[in-house]
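Top to bottom, those sequences are chains A and B. To convert, note that position 89 of the first sequence is 89 in our numbering; the numbers rise steadily by one, no gaps. Going from the second sequence to our numbering is simple: count from 1 and add 1000.
These aren't lab readings, by the way, just hints derived from the structure by calculation. Among these hints, one or two may not hold up.
[Unchecked claim] Partner residues are not named here, just some residues of chain B that face chain A (Cβ under 7 Å, in silico):
hint, residue
1, Phe1004
2, Tyr1006
3, Ile1007
4, Tyr1119
5, Ala1125
6, Ile1140
7, Gly1301
8, Gly1303
9, Ile1309
10, Leu1311
11, Arg1313
[As the list claims (entries may be wrong)] Listed next, the in silico DSBU-like pairs over lysine-lysine satisfying Cα-Cα at most 35 Å (straight line):
hint, chain 1, residue 1, chain 2, residue 2
12, B, Lys1223, A, Lys550
13, B, Lys1020, A, Lys746
14, A, Lys420, B, Lys1038
15, B, Lys1314, A, Lys106
16, A, Lys52, B, Lys1038
17, B, Lys1223, A, Lys420
18, B, Lys1223, A, Lys739
19, A, Lys22, B, Lys1038
20, A, Lys547, B, Lys1038
21, A, Lys74, B, Lys1201
22, A, Lys22, A, Lys179
Please read all numbers here as calculations on a predicted model, not as lab measurements. C-beta atoms are modelled at their ideal positions from N, C-alpha and C, and glycine is treated no differently.
So the chains spell out like this:
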Amino acid sequence: MSTSTTASSIGQPLSRIDGPAKVTGRAKYAAEHAADGLAYGWVVSSAIAKGKVKAIHEEAARAVPGVIEILTHKNRPHVAWFDRSYRDQVAPPGEPFRALYDDEIKFSFQPLALVLAKTLEAARAAAALLRIDYIQEEPNTDFENSLEKAYVPPKKRSGIPAPASRGDAQKALDEAHLKVTADYASAAHHHNPMEMHATTVIYGSDGALTVYDKTQGSQNVKSYLVGVFGLANDKVTVRNPYVGGAFGSGLRPHYQVYLATMAALYLKRSARVTLTRQQMVSHVRRPETFQSMALGASEAGGLQSIINSAVTATSTFEDYQENVVNWGVGAYRCADAAADYKLVALDTPTPGDMRAPGAATGMTLFECAMDELSYAVGVDPLQLRLLNYAEVDPISGNPFTSKALREAYDIGAERFGWGKRPSEPRAMRDGNELTGWGMATGMWDATFQKTSARARISANGGLEVATAASDIGTGTYTIIAQVASETLGLPTANIDVKIGDSDLPASPIEGGSWMAASSSAAVQLACQSLGTRLFEAAQDLDGSPFKDIKFEAVSFNDGRIIAKDDPSRFLSITDIMKRADLPSLEVVETAGPGLSGMVSQVKKARATHSAIFAEVKVDDELGVVRVTRIVVAVAAGRILNPKTARSQIMGGVVMGMGMALHEESMMDTRFGRPMNHNFAEYHIPVNADIHGIDVIFVEEEDKEVSPLGVKGLGEIGIVGTAAAIASAVFHATGTRVRKFPITLDKLI
Amino acid sequence: MIPFSYIRAGSADEATAAGKEPATWFLAGGTNLIDLMKETVERPARLVDINQLPLDQIETLPGGGLRLGALARNADTAYHPTVEADYPLLASAILAGASPQLRNAATNGGNINQRTRCYYFYDVATPCNKREPGSGCGAINGVNRIHAILGASDQCIATHPSDMCIALAALDATVQVTGPAGQRSIPFADYHRLPGDNPSKDNTLQPGELVTAIDLPDGKFTKNYTYLKLRDRLSYAFALVSVAVAMKLEGGAISDLRVALGGVAHKPWRRPEAERQLLGRAPDDAAFSEFADALLDGAVGQGENDFKIPLARKAIQRALRQAAAGTPQSQVDKRIA
Ligand SMILES: Cc1cc2nc3c(=O)[nH]c(=O)nc-3n(C[C@H](O)[C@H](O)[C@H](O)COP(=O)(O)OP(=O)(O)OC[C@H]3O[C@@H](n4cnc5c(N)ncnc54)[C@H](O)[C@@H]3O)c2cc1C
Ligand code: SF4
């Protein structure tokens, strides 16, 4: 079976099919679903970071007209006893946070009460009148000054590889001709997606719950709620048809869904909880990261030793872990390498995965050290990478399913004009500004997860494809439609994509850049299987034109099945359905790493790569940095939709610029409280900060990495970007800033 | 947010009569006040909406100069032909602030009365003498990257955040107010105050007093001027340090000079005696360097904001060079001239 290329085929720059619904407001987000008798919840957050609740004075708040109830640890309904009931698919080891559980305060902004009222205004007004007395203890939120208390996490987080060492890195370093040591630090970042976390729970007449939650995984939230509240599986459905960005903040179920569900069950009515922008600092963050690197090299610049140690922050109750160090030890050919990873526990919420968790920091900071090495050796930074190019995965020794990084370097460098780069810093001046060029390598896993999808065609030729995937703004709806369209030769107008519902066929959570590869594989498989069923039905018809031919000899085009060697022999799908008297035809299929033709994940390494080139202009006196040009060449396998793909890379690059220059959670360590908890003071790049971002996708055919040859693009754009910018700042100014973000005070 | 009552004033008299009652606030564009109410930083019992008052005109004054109505929007002010032609420093400063959406809503009266962006002032879980006298100052020994280096007290180290006001200070504007005790004019230098031991008071308005207009004197600076703003991203951030310069040159010497600093103190920071020292001098680096030292004399850092002292020093000199060269800082092209 085959199809011809149309505007909606795989690889075409189809605009988002959910775009019109989003820009006209028809797309409803978690806090926008209406319900009769809705109780509006307002969360009262802790003013202190550590201690106990001594008393809660509720009289004034309860007296506000419209207040229905105030839930606190004193009157909350029963919740599960064991920690395991609170664990979700991505939970790190430890004791998951339970809101309103007891009087203990573990972090600033911890939810201590939920005010429920008939209107949002009443709930908010009452919340402002709630007075809480505390017993204060001294919190520790000082990451920098706690590094000596770092520990190796006793229990590993599932899915996170252990630090991978090989050979004798210390000996190799001692014997190396050249050594570079560098300590780098990156600030904590808050995810801050456009849509704040929110949940609307609709309480059905039979007591069943329909939960609209801001999450990246409806099924993950559902199993969490079933565990925590002891609900019957068929009494709760979680939906997230539209998600206003997440960046990882919606991977775990957060306290807003817990509180909204608790309220609905307690009040036996529908309930909603929305967090404020300020409260968005009260759950996940990208942890503070400290990375210490030692590189040994030959005179010519061949890497002889890598020692890569990192410390990240976690909470006092869970050991959140990321893969920070293996990027560095795995990026280049080098016989001896050592990696080491520790945690520092702070009185804060547990950090969580944020776009390219571990790599956005670990790979980026490592690339900064590589830039330092290039100057120590006296070789061009790109040349240094090429000298140490890893043809096989340095950690496992396995070959890659594909790795077009060399091509990415070449094409990126060519487009950027890297060849004209003077090697010395401070060599390019333009009036008050110094110009600098820097580059870095980016890397991210290319994974593929077991996913199921359903395809159903109805008598009128309408196709519905369904899987419990989430679209966090990345374009999942659109690429699913494209895959279905191409497989069954139907226009996207005839295709209804259903995602974001826990009742649909099983899908992993939306994260790790596996969604495109996984959902496309499942949808393709389901559509192929549906195509076979349609063909069989067509063959069974009286006078079928396909009696004597095989499935392989037909194509699906324009809503028809057509004999490839004789286009006059065809049947339209609606005709087949009608003549076979089929009201609809439905299949469910599951695609997984074991799928035929897919190599085992342990025999080959699989990764997405990128080469990023940055130009900055820095005011020599005033330290103002402008990123005037970015060229990023990405090798990410097959590109399903160059338009949505480009948007993902651009978004990642902009976030990398924020990491380089702006983003920083400013902690008051006396109070244990992040102080810039609003968008006026928590800076991310604005339009004026962004100039040209040139995104290039490098040809990379890969039949092994996933069924469609797709690698995923959600994270790669951020990885390395801040290193390219920091290197460019050094090249411009001769000042090496080792602590992100690079604000102007560090350059004057 | 806490419930409040709302009155729409039909006349200035009605507004000031209502405005002198306790816990009563005027509502103009609302871009600052409503945010503060949502955070329960401001807890008015009563809002007096003044948007119906006929105070949105921008008109030439009989004796020369320009009157900017208190309710004229920041955007309408910046793009007004007379402001653009005769007071380009003011237009530039307004356009350096906030975002187009905010400038469309914000009024001139609201702008000069906007409150500090100190993190602690905004967060009722923390101490702040300005918000709650006697509770202490969270910013001292705390997160104080954006705080004052000049004129601070041991009670408060907050800065005044407006860009527009820095230009108004340099231009020697006058604030026209009306109140229960009648009308009065306040020279801009006396409008905002230093925190001293009463940081809760930002300015010298008396209870019930309403700003009706801001007058600009006739003296025009159309050639040698600049507004240079340094911040943590290239747009849509408050100033770490900003410099407004209005200069006149005659025969190769400085004949008039006004320089105001933003982001460094509880009010726009000017030192007329230092300005006078430069009169008759050639506009050269030596003069600018001396001036920067004089303007910053006595500056002290609070830890995280120590960098503001050298930054301000360099910014003052750059701004003076821009003004002398007649190459004012563009607010569109973010490269610093
Ligand atoms: C995200 C953000 C970024 C911003 N960035 C900048 C920036 O970079 N630079 C900058 O300069 N500003 C900036 N602003 C501030 C903005 O300029 C002010 O919010 C605005 O000027 C206030 O005007 P308003 O009319 O909305 O005032 P309102 O919010 O209505 O009022 C502010 C205060 O003034 C009082 N008031 C208003 N009118 C009168 C009057 N006629 N007489 C007496 N009292 C009065 C009110 O009672 C209130 O206390 C920013 C604001 C936000 C929200
Ligand atoms: S600096 Fe002023 S506004 Fe800020 S906390 Fe101290 S007293 Fe409050």
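Evaluated hints:
no., hint, verdict
1, Phe1004, "violated, 10 Å"
2, Tyr1006, "violated, 13 Å"
3, Ile1007, "violated, 19 Å"
4, Tyr1119, "holds, 4 Å"
5, Ala1125, "holds, 3 Å"
6, Ile1140, "violated, 11 Å"
7, Gly1301, "violated, 11 Å"
8, Gly1303, "violated, 12 Å"
9, Ile1309, "violated, 10 Å"
10, Leu1311, "holds, 6 Å"
11, Arg1313, "violated, 10 Å"
12, Lys1223(B) - Lys550(A), "violated, 83 Å"
13, Lys1020(B) - Lys746(A), "violated, 48 Å"
14, Lys420(A) - Lys1038(B), "violated, 54 Å"
15, Lys1314(B) - Lys106(A), "violated, 44 Å"
16, Lys52(A) - Lys1038(B), "holds, 27 Å"
17, Lys1223(B) - Lys420(A), "violated, 40 Å"
18, Lys1223(B) - Lys739(A), "violated, 42 Å"
19, Lys22(A) - Lys1038(B), "holds, 27 Å"
20, Lys547(A) - Lys1038(B), "violated, 72 Å"
21, Lys74(A) - Lys1201(B), "violated, 41 Å"
22, Lys22(A) - Lys179(A), "violated, 53 Å"
Hint compliance for this structure: hints 1, 2, 3, 6, 7, 8, 9, 11, 12, 13, 14, 15, 17, 18, 20, 21, 22 are not met, and every other hint is.
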